[in-house]
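Quick note, the sequences are listed as chains E and Z, same order.
Each residue of the first sequence is one higher than the one before, starting from 45 at the first, in our numbering.
Each residue of the second sequence is one higher than the one before, starting from 58 at the first, in our numbering.
Mixed in with the good hints, there may be bad ones.
Covered by chain E, per the in silico footprint, the following chain Z stretches (three or more residues, Cβ under 8 Å) [what the hints assert, rightly or not]:
| id | region |
| --- | --- |
| 1 | 147-157 |
| 2 | 162-174 |
| 3 | 193-201 |
| 4 | 209-220 |
| 5 | 226-235 |
| 6 | 293-303 |
Hints were generated in silico from the structure; no laboratory data involved.
Quick caveat, the model's predicted, so the values are computed rather than measured.
By construction, the Cβ of each residue, glycine as well, lies at the ideal position given by its N, Cα and C atoms.
So the chains spell out like this:
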Amino acid sequence: MREEAVEMVRVPRSLAIDIFPVNWWSRLLTHVILVVGALLMIYPALWMLSASFKPSDEIFTDPGLWPHTFTLENYVNGWNALDTSFGTFFLNSFIVCVLVVIGNVLSCSLAAYAFARLQFTLRRILFAIMLATIMLPGSILIVPQYILFKNLGWLNTFLPLTVPKFLDTDAFFICLLVQFIRTVPTELDDSARIDGCGPFQLYWRIIMPLALPALATTAIFSFLTTWGDFFGQLIYLNDQSVYTVAVALRTFVDSTGTSDYGAVFAMGVLSLIPILAIFLIFQRLLIEGIATTGLKG
Amino acid sequence: MTFMKETKLPDPSAWDMQVTVEDLTPLLRQRRWGQGSSRTRKQNVVAFVFLLPWLAGLLIFTVGPMLASLYYSFTSYDLLSAPQWVGLDNYVRMFTQDGRYLTALKVTFIYVFVSVPLKLAFSLLLAVLLSKGLRAVGLYRAVYYVPSLLGGSVAIAILWRQIFGIDGIVNKGLGLLGVNGLDSWISSPNTAMLTLVLLAVWQFGSPMLIFIAGLKQIPSELNDSAQVDGAGWLRRFFQITLPLLTPLIFFNLILQVIGSFQVFTSALIVTNGGPADATLFYTLYLYQQGFGNYQMGYAAAMAWVLMVIVMVFTALIFFTSRYWVFYQDGRN
């Protein structure tokens with residue numbers, strides 16, 4: 045009798061697995077693995093943060109996360125460790141990043157509008173060329189561009205890092221914007237055209253406002269990659285007054301060697317704050333941007 | 058922010074990349090710009106204005122420099138005196154007389170072949186774990202992504218130099234476990250490469266996010282019905298999930314291979330190519346030759362060889378993709 049009842053309420057196997065107990069344990073196990081993994085992953089970064097508040101001798105003796113003696117000395121020492129203060133380096137980095145953001149947003153949206161909306165001769169060939177430039181390994185351009193900028197007298201200025209961006213050298217964002225503009229319904233264009241809008245007004249008044257999310261993605265990634273860039277800044281900026289944070293950090297660690305890691309870490313932590321702040325503020329946009337396009341691969 | 062959902066998953070083969078015969082017909086017919094209707098001409102003028110920055114940039118900063126670089130690669134050029142034509146000397150020297158170049162080539166290949174598969178494996182594993190519909194997925198995803206966000210920076214490279222140093226936290230941590238007297242991981246030729254591979258693998262966040270997006274697209278009915286049919290977890294993974302993810306594996310593989318061949322920051326800051334050139338990555342050696350020794354011609358030749366190598370690998374991945382990349386609409 046009892047066995048029969050059990051027989052009657054037997055649920056399909058797949059459903060049973062979804063309720064418990066196997067699934068409950070597997071979930072717990074997954075959580076444990078994920079938490080341990082996450083701690084391991086994040087530990088170095090957290091340790092750097094904590095080390096930046098430790099006195100120098102403690103950095104080399106204590107792999108723990110909590111400083112026994114809490115000090116701000118590293119930040120004070122680091123800020124003025126080079127001949128120029130880190131304030132200048134941060135300002136320089138910001139200037140470069142903001143100019144790159146403006147350049148990319150303006151120039152890439154112009155080209156993207158043409159590729160997404162306009163009909164013209166050779167459109168598909170030019171589009172293919174544009175895609176090919178995305179795949180081009182950047183190192184092929186280092187030497188000739190350096191010679192070009194040297195001959196123009198642009199070394200030790202921000203021009204080599206910013207001017208090309210006003211001419212669409214980050215073609216990736218054109219592709220991103222083209223994909224987005226194609227999703228904007230063309231009915232809007234038609235009605236605006238009936239109201240007397242020319243192509244330039246269409247671009248500026250209709251497409252640009254509607255493309256705001258994609259423009260935001262472009263701006264965020266332009267900022268992040270420029271802030272994190274090192275190679276370009278390293279070869280074009282050789283004078284301390286124009287150093288960006290990345291180059292300054294390298295000079296700092298080379299000049300102090302291993303003697304004052306605390307101060308180097310302190311400046312390192314500061315250099316990462318803008319990136320983390322942008323990540324926290326725009327997390328969704330950023331994560332979706334990577335997931336759908338492979339940015340920052 | 059709805060647009061990302063509407064945007065299709067990155068499927069490179071679906072990009073508007075094919076150039077068909079029709080595109081070329083205007084050229085073949087030798088139709089000149091002036092001969093089109095006035096409407097076509099007007100459209101061309103408008104488009105030209107919009108494309109002007111891009112076209113200018115393409116010529117000035119991409120095509121021009123590439124041609125210049127090709128020319129420099131056949132010269133000896135120290136930036137001070139005019140370039141001197143030396144024919145194929147740079148290329149010959151690279152492969153026959155420059156032992157350090159061959160070392161650079163070797164260690165770069167090792168780095169790419171070890172770090173890329175590991176990185177993809179980790180990102181896939183984590184993506185699968187994070188796609189099980191657990192609680193707090195957003196938090197995990199963010200934490201696992203943070204290393205990718207920060208990892209390419211100079212600050213993290215400096216951190217790496219410390220933690221794998223002789224007094225670094227890795228040795229201290231192992232000391233707590235009873236493993237003492239370890240040397241610096243960075244100054245031993247055997248382990249220096251390992252630290253840089255670890256730094257690369259640590260940044261598996263971006264491919265992970267791409268895989269997570271891909272896993273979301275897999276219809277749950279497929280897994281459900283396989284489960285009802287009695288297919289176990291492992292079998293479902295290898296016969297359903299993995300084949301459906303191959304377009305994204307393909308995409309990530311291309312991105313990672315191109316990126317890894319050009320790794321620079323970590324090698325310069327963490328190891329500076331040492332010890333004994335054990336981590337003399339290609340781009341680092343190019344930098345040393347070009348901007349340390351001012352051998353611009355040699356550096357340009359190195360850049361062209363790297364470009365060919367990367368292109369060959371990309372092409373290989375593309376051509377083999379028909380055998381291992383599975384498209385749901387049966388395109389292959």
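Right, here's what the structure says about each hint:
With 0 residues having a Cβ less than 8 Å from any Cβ of chain E, the region 147-157 of chain Z misses the three-residue criterion, and the hint is violated. Under the rule that three or more residues need a Cβ within less than 8 Å of chain E, the assignment of the region 162-174 of chain Z is violated, with 0 such residues. Coverage of the region 193-201 of chain Z by chain E holds [criterion: at least 3 residues with CB-CB distance below 8 Å; count 5]. Taking a C-beta to C-beta cut-off of 8 Å, the region 209-220 of chain Z contributes 11 residues in contact with chain E, enough for the three needed, and the coverage statement holds.
Judged by the Cβ-Cβ criterion of 8 Å, the region 226-235 of chain Z is covered by chain E as claimed, because 4 of its residues qualify and three suffice. Counting residues of the region 293-303 of chain Z whose CB lies closer than 8 Å to any CB of chain E gives 0, which falls below the minimum of 3, so the coverage claim is violated.
Hints 1, 2, 6 from the list above are not met by this structure, while the remaining hints are.
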